[in-house]
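Engineer: Assemble the whole structure, with the sequences as input and the hints as a guide.
Residue numbers (the numbering used here), protein chains in the order written: chain A, 1 to 279; chain B, 1 to 279; chain C, 1 to 314; chain D, 1 to 274; chain E, 1 to 274.
Derived by calculation from the structure, the hints in this document are not laboratory data. Small disclaimer: the values here were computed from a predicted structure and weren't measured. Glycine included, each C-beta is placed from N, C-alpha and C at the ideal position. Do not rely on the hints blindly, as some may be mistaken.
Lysine-lysine pairs mimicking DSBU-like chemistry, simulated, CA-CA at most 35 Å apart [what the hints assert, rightly or not]:
1) C:190 / C:8
2) E:83 / A:32
3) C:289 / C:8
4) C:118 / C:190
5) B:32 / D:83
What follows is a list of derived Cβ distance ranges for each label pair [said to hold, decoys possible]:
6) B:226 / D:27: 35 to 41 Å
7) E:191 / B:95: 48 to 54 Å
8) B:262 / D:197: 35 to 41 Å
9) C:285 / A:137: 37 to 43 Å
10) C:85 / B:44: 56 to 62 Å
11) A:34 / E:77: 51 to 57 Å
12) B:261 / E:77: 52 to 58 Å
13) D:121 / B:262: 52 to 58 Å
14) A:274 / D:121: 21 to 27 Å
15) D:17 / A:182: 28 to 34 Å
16) D:121 / A:182: 26 to 32 Å
17) C:190 / B:44: 24 to 30 Å
With the Cβ distance kept under 7 Å, some of the chain E side facing chain D (calculated, not the full set) [claimed, not checked]:
18) 94
19) 149
20) 175
21) 176
22) 177
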Amino acid sequence: MADATLAAPAATAPAAAPADQASRLRFNGWRKVVLLLGLALLWEGYARHLGNALLLPTFSATVRALVEGFASGELLARTATSLELLLMGYGAGLVLAALLTALASLSRWGAELLELLTAMLNPLPAVALLPVALLWFGIGAPSLVFVITHAVLWPVALSSYAGFRSVPRTLRMTGRNLGLSAPRFIIEILMPAALPQILAGLRLGWAFAWRTLIAAELVFGVSARSGGIGWFIYTNRAQLETANVFAGLLTIILVGLIVEALLFRGAARATIQRWGQEQ
Amino acid sequence: MADATLAAPAATAPAAAPADQASRLRFNGWRKVVLLLGLALLWEGYARHLGNALLLPTFSATVRALVEGFASGELLARTATSLELLLMGYGAGLVLAALLTALASLSRWGAELLELLTAMLNPLPAVALLPVALLWFGIGAPSLVFVITHAVLWPVALSSYAGFRSVPRTLRMTGRNLGLSAPRFIIEILMPAALPQILAGLRLGWAFAWRTLIAAELVFGVSARSGGIGWFIYTNRAQLETANVFAGLLTIILVGLIVEALLFRGAARATIQRWGQEQ
Amino acid sequence: PQAQAETKELRIAQQFGIGYLPFIVAKERRLIEGEAVRAGLPAPQVEWITLSGAAAMNEALIAGSLDIASAGIAPMILTWDKTRGTADIIGVAALGSMPNVLTSNNPAVKSLRDFTDKDRIALPSVKVGFQPIVLQMAAEQTFGQYDKLDNLTVSLPHPDATAQLLSGQSEITAHFTAPPFIQQQLASGKAHAVLNSYDVLGGPHTFNAAYSTKRFVEANPKTIAVLVAALDAANAWITANPAEAAKLYIAAEKSKLDPAFVEAIIRDPQVRFTTAPERATVFSAFLFKIGLIKRNPASWTELFQAGLWTKAGS
Amino acid sequence: MGVTLRVAEPDPLLSLDGVTLRYGSGASAVTAVQDITVDLAVGDRLVLLGPSGCGKSSLLRAVGGFQPVDGGRIHLRGKPVGKPGPDRMAVFQEFDQLLPWRTVLGNVRYALQRGRGLDRATAGKRARDWIGRVGLTRVLDAYPHTLSGGMKQRVAIARAFALEPDLLLMDEPFAALDALTRRQMQDELLALCEQTGASVLFVTHGIDEAIRVGTHVLSLSPHPGRMKALIPVPLAARQRGTTAFAQLEASLQADLLGEADQDTAPPSGERRHG
Amino acid sequence: MGVTLRVAEPDPLLSLDGVTLRYGSGASAVTAVQDITVDLAVGDRLVLLGPSGCGKSSLLRAVGGFQPVDGGRIHLRGKPVGKPGPDRMAVFQEFDQLLPWRTVLGNVRYALQRGRGLDRATAGKRARDWIGRVGLTRVLDAYPHTLSGGMKQRVAIARAFALEPDLLLMDEPFAALDALTRRQMQDELLALCEQTGASVLFVTHGIDEAIRVGTHVLSLSPHPGRMKALIPVPLAARQRGTTAFAQLEASLQADLLGEADQDTAPPSGERRHG
Ligand SMILES: Nc1ncnc2c1ncn2[C@@H]1O[C@H](COP(=O)(O)OP(=O)(O)OP(=O)(O)O)[C@@H](O)[C@H]1O
Ligand SMILES: Nc1ncnc2c1ncn2[C@@H]1O[C@H](COP(=O)(O)OP(=O)(O)OP(=O)(O)O)[C@@H](O)[C@H]1O
Ligand SMILES: [Mg+2]
Ligand SMILES: [Mg+2]
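Structural biologist: See the structure below:
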């Protein structure tokens with residue numbers, strides 16, 4: 001029967017899964033590597049078939065550019081600059097999202113405000129914030145942090161709040177039964193209970209922070225000195241150094257993969273998977 | 001005791017809430033209006049205090065520009081164009097997200113692929129897709145639809161998949177007990193069970209579709225004839241017609257509010273709230 | 001028979017601004033179609049597209065989504081150099097000469113030497129755009145060091161930079177800009193001119209140029225000739241009817257600008273609508289000197305297609 | 001057996017006065033319980049006995065402060081019952097009342113820290129003690145999702161007992177337990193009450209359990225739950241095997257089984273077998 | 001009472017052969033049940049009786065195909081048990097086994113449509129019938145979250161019964177029901193078995209229920225669950241009040257209560273009261 005069950009769809013795999021967790025983890029890694037290799041080969045093949053290095057360099061050319069970029073130290077410095085901005089904006093976004101979501105779960109007014117602000121501001125592109133950002137924060141890094149915050153705040157708040165709202169009634173009653181204060185109720189009951197959704201929000205926020213950073217670096221007044229990886233991409237794009245452009249994008253992909261593997265997966269494994277909140 | 005309980009935090013309001021749902025709905029609307037008025041007043045006040053119409057027009061000036069824009073028919077036409085693109089991209093994104101998520105819940109390989117692609121592609125800015133988009137779809141609308149699809153696909157897929165993974169074991173077993181085929185299991189069990197998360201993903205996808213559309217309209221090329229609301233914003237920005245720029249943004253906000261009120265709230269009320277999946 | 005081999009449709013991309021007036025006139029007055037008929041060719045299906053920035057132009061051109069791109073002369077030369085042996089782009093025609101001006105709202109700034117660490121110079125694009133290159137040329141002339149001012153530059157689109165400069169509430173104290181923003185800023189009284197690109201280049205120079213791939217130009221010589229003829233016709237018309245040209249521009253761009261204001265820009269003696277490139281080699285020489293291009297064209301004819309060689313370019 | 005109204009206690013711990021609970025509003029409103037009037041003195045253990053869906057859980061939730069009342073009043077020590085609090089610890093009917101992100105020990109310890117304000121060490125010690133008493137020392141560090149149904153309920157019981165509340169609200173707490181464990185839990189409950197003087201509101205479907213655990217039994221009519229009888233359990237009846245027990249059991253059994261639930265029992269026309 | 005191994009059925013519906021179930025791996029592995037060997041003929045109703053946490057639910061899940069076996073084999077009609085299917089309908093122990101987005105009627109009808117391939121109208125008719133039999137006609141159009149615990153379980157029971165499976169897997173299905181409703185459900189179960197020849201695997205903590213429902217009782221030892229005794233229930237014992245019943249009940253009671261669970265029972269040192 002073990003065979004039969006294993007043949008069943010993975011989505012419906014029995015909860016006994018932890019049984020061979022250790023071996024599975026190794027297995028997963030293996031599959032990821034195969035998939036990554038496959039994607040790289042696909043890229044290489046398509047780019048060669050296309051034969052237009054100005055538009056789409058081969059994977060190998062991109063890797064060469066990446067290695068050179070890191071060897072020269074430029075790509076590393078640019079990545080560091082971007083990551084610094086990103087983390088500041090991400091942090092600020094998380095703090096604001098936490099505050100807004102807390103407010104929303106504490107009072108009807110807060111809930112209405114969160115819903116309203118999310119529906120109104122979330123669709124606005126970063127450009128829309130430009131005038132206000134420049135007014136409040138001036139040129140350069142602080143404005144960038146501001147738009148990154150905007151990019152992170154809404155997805156995280158929306159996901160978390162949706163998570164809060166679907167915490168089962170019994171769990172809520174358990175928390176209230178202990179006479180918890182509002183902050184404790186939020187931090188010690190709602191947040192862990194909504195962690196799967198919060199984590200999904202954090203992942204999305206992270207991705208949108210990147211997107212926004214890159215898109216905004218051009219419009220938001222960065223100077224050659226302080227430019228991050230967006231600057232690297234744009235200047236190389238303007239010079240048709242396409243391999244470098246893709247090296248920059250590949251860097252973002254690599255950072256994404258590392259953060260996903262180390263941070264988000266790790267966090268999920270240490271929490272919601274361990275707690276049985278996720279299959 | 002009724003008083004005492006009502007005084008309790010809203011987040012912990014008893015499940016008896018549906019009791020006065022009808023009266024509550026009216027109440028909600030009232031609060032929203034108050035909040036909206038407050039935000040409008042804040043805008044007006046701050047803009048007047050600033051006294052720099054070039055950077056930030058007053059709310060009233062923006063409304064005037066909005067009314068004129070709609071009266072002349074231009075804003076309406078632009079909005080219609082944008083909405084059309086948006087819906088196409090949104091639709092394509094949803095279909096792809098559904099396919100990817102289904103694949104991910106059917107096989108381990110699919111799951112790994114989804115996780116990998118999301119971690120890799122989600123952080124990439126629209127500009128990264130430009131070469132490929134141009135190659136595949138040429139300049140103009142199809143490319144725009146392509147990047148909107150990219151913007152919608154990942155948040156929806158990620159949220160849905162997170163939702164799928166946190167469907168309780170008993171519910172999964174119930175579905176499997178009926179010997180459902182894989183598509184049925186996904187459509188009739190996993191999807192409704194994960195609806196709170198899917199709805200959150202749809203909301204986010206909607207917002208990101210807008211953001212991307214506006215940002216991409218110029219990068220991806222439009223002709224004056226076919227330009228949408230992004231074109232409206234850009235041309236007015238190029239002419240320093242700031243009130244019109246904000247009228248364009250206000251239009252996005254209004255569309256966002258309407259879609260939220262009619263579509264997402266309505267959908268939530270007809271489903272997850274009715275089914276007790278959300279407090 | 002040869003005409004039939006040529007393209008039936010022509011996809012032309014422009015950017016924002018009055019610098020693209022010849023394109024706008026050709027579009028609105030259907031000059032390309034007219035010239036084609038005059039040359040005995042079937043009128044091509046012309047599609048006019050607006051794109052922002054040279055990079056998107058280049059990618060679209062290289063991807064084959066565009067037939068004719070347009071950008072500042074400096075980025076075009078850069079692209080010409082970068083694509084030698086691959087996409088092989090080549091200039092089709094200049095889109096006129098007009099000065100760009102470095103303006104400032106800081107009364108203390110009278111010349112490049114007066115900039116301090118507190119000043120910020122807004123440029124519409126990064127590093128290799130038209131204005132950054134001219135600024136570097138000026139810095140080279142002033143300080144003997146072309147990247148002397150790079151640390152003061154920030155990238156900000158023309159309209160935003162203009163708003164910032166005029167607001168006086170921002171760190172932006174200078175802006176290297178193009179018509180009509182120059183005239184708007186100067187007219188406001190809040191900014192003054194610090195540097196004129198004509199002075200840097202030593203005279204009138206091409207601002208924008210239209211370009212395509214060698215392959216397209218060679219496959220469609222007649223169409224290209226028609227295009228150049230249409231641009232020449234547009235330029236002639238503009239010069240002859242500045243008031244009407246202003247009105248046409250305002251109508252086509254749905255601009256809120258005052259027609260008299262636009263007309264004044266068109267009538268500005270420094271502004272010349274011509275398809276002949278001017279001082280293109282000054283740019284290429286500088287770009288070669290600072291190592292941005294690997295080959296220094298001996299003559300402007302290397303940069304532009306043969307159909308233009310009869311013009312009095314430089 | 002008619003409705004035996006409780007003589008009003010002079011200084012009741014808990015007093016319900018004409019309590020009515022409803023769900024929904026307007027035409028679709030469902031009345032869960034109607035007009036419940038009963039007092040609980042300190043040390044009383046009131047067992048709610050009644051058919052499925054008659055509103056027992058709702059009533060417990062109302063007393064716990066989790067649910068508003070739609071008619072009548074609930075007073076605790078003379079004051080209207082307010083927000084939920086650890087003075088009224090509840091064991092809910094559902095299996096998902098443990099915090100999934102805390103271990104068995106963590107769940108009980110956390111409740112003690114927050115509900116009783118104990119420091120971590122003291123709370124941990126007391127938690128271990130109670131987890132031992134419900135027989136779960138083996139799974140001290142297990143997360144709730146790895147427990148069986150009965151084990152989860154025992155953790156919730158240990159948590160409620162450990163907090164030594166004035167009033168215990170227990171909603172079919174022992175339903176998922178085997179006979180032996182159930183008896184042990186009953187013993188623990190009685191011992192706790194004796195020791196701390198706690199009062200209990202207890203829902204069960206077992207008549208013998210009702211007699212064993214309760215000082216009084218409130219039997220409710222089928223949906224919507226109305227008071228059918230309030231029966232004191234004589235001390236003599238508490239011992240199983242005595243005639244007093246047998247008599248009380250028989251009378252309760254007749255009360256519950258005899259009057260068929262017109263609402264929840266299948267109409268005779270619908271039944272084919274049995 | 002020793003372990004009475006079942007004589008192998010000639011053509012068993014279900015046969016468990018040395019079944020062992022484990023959770024986790026390596027040092028942290030927990031054995032839920034060990035070495036269970038038993039055959040079920042068509043029409044047999046095997047009751048699993050055993051202390052909380054001894055692996056009854058796990059065993060049911062394994063037979064249902066929801067969980068892999070870690071030792072031994074499970075055969076259904078001679079073939080290794082495969083994926084779950086409507087031929088083995090389960091009533092789970094948890095309350096959240098209804099689809100929250102379907103009404104009471106919808107839940108049962110949907111199961112009939114998918115599990116039995118009936119069209120909507122036929123399925124609806126049969127669903128109504130069964131919902132009536134579990135006494136829930138009143139809440140036909142209610143969503144699960146508005147039901148009481150016992151009502152939810154009854155919907156699940158109606159759903160399982162309506163599908164008329166070959167093998168019913170019932171995990172403490174009547175634990176949340178009052179005595180009257182419980183008896184009605186037992187009757188429905190027995191009638192259904194008689195009518196369709198269904199076999200049943202039934203978990204309960206009630207000894208009287210075990211005797212009333214089962215043709216055989218398998219008593220399990222405390223964690224990890226091993227077979228302690230497999231006792232056939234003589235026809236004579238099925239009627240409550242008979243001496244055969246009383247004897248069997250007493251013997252089972254002694255079996256369950258007598259041998260204290262060394263693992264789950266509180267160590268004597270830890271107990272302070274009672
Ligand atoms: N959230 C709710 N919304 C609407 N009706 C509800 C809700 N909760 C319970 N009810 C209804 O109230 C009545 C009483 O429910 P309650 O859970 O209190 O019953 P109970 O006596 O605990 O039953 P059981 O013994 O089955 O647990 C039932 O008819 C039920 O349908
Ligand atoms: N998902 C799981 N992971 C790890 N251990 C588990 C898991 N599920 C159950 N167990 C363990 O397996 C054993 C048997 O659990 P099971 O639920 O089968 O018991 P049970 O006999 O049904 O108990 P109850 O009568 O309390 O419902 C228990 O010790 C439990 O801790
Ligand atoms: Mg109940
Ligand atoms: Mg169990």
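Engineer: Are the hints correct? Go through all of them and say.
Structural biologist: Checked hints:
{"no.": "1", "hint": "C:190 / C:8", "verdict": "50 Å, violated"}
{"no.": "2", "hint": "E:83 / A:32", "verdict": "28 Å, holds"}
{"no.": "3", "hint": "C:289 / C:8", "verdict": "41 Å, violated"}
{"no.": "4", "hint": "C:118 / C:190", "verdict": "18 Å, holds"}
{"no.": "5", "hint": "B:32 / D:83", "verdict": "28 Å, holds"}
{"no.": "6", "hint": "B:226 / D:27: 35 to 41 Å", "verdict": "53 Å, violated"}
{"no.": "7", "hint": "E:191 / B:95: 48 to 54 Å", "verdict": "49 Å, holds"}
{"no.": "8", "hint": "B:262 / D:197: 35 to 41 Å", "verdict": "58 Å, violated"}
{"no.": "9", "hint": "C:285 / A:137: 37 to 43 Å", "verdict": "41 Å, holds"}
{"no.": "10", "hint": "C:85 / B:44: 56 to 62 Å", "verdict": "59 Å, holds"}
{"no.": "11", "hint": "A:34 / E:77: 51 to 57 Å", "verdict": "40 Å, violated"}
{"no.": "12", "hint": "B:261 / E:77: 52 to 58 Å", "verdict": "56 Å, holds"}
{"no.": "13", "hint": "D:121 / B:262: 52 to 58 Å", "verdict": "56 Å, holds"}
{"no.": "14", "hint": "A:274 / D:121: 21 to 27 Å", "verdict": "25 Å, holds"}
{"no.": "15", "hint": "D:17 / A:182: 28 to 34 Å", "verdict": "31 Å, holds"}
{"no.": "16", "hint": "D:121 / A:182: 26 to 32 Å", "verdict": "27 Å, holds"}
{"no.": "17", "hint": "C:190 / B:44: 24 to 30 Å", "verdict": "25 Å, holds"}
{"no.": "18", "hint": "94", "verdict": "6 Å, holds"}
{"no.": "19", "hint": "149", "verdict": "5 Å, holds"}
{"no.": "20", "hint": "175", "verdict": "5 Å, holds"}
{"no.": "21", "hint": "176", "verdict": "6 Å, holds"}
{"no.": "22", "hint": "177", "verdict": "5 Å, holds"}
The structure fails hints 1, 3, 6, 8 and 11 (numbered hints given earlier, in ascending order).
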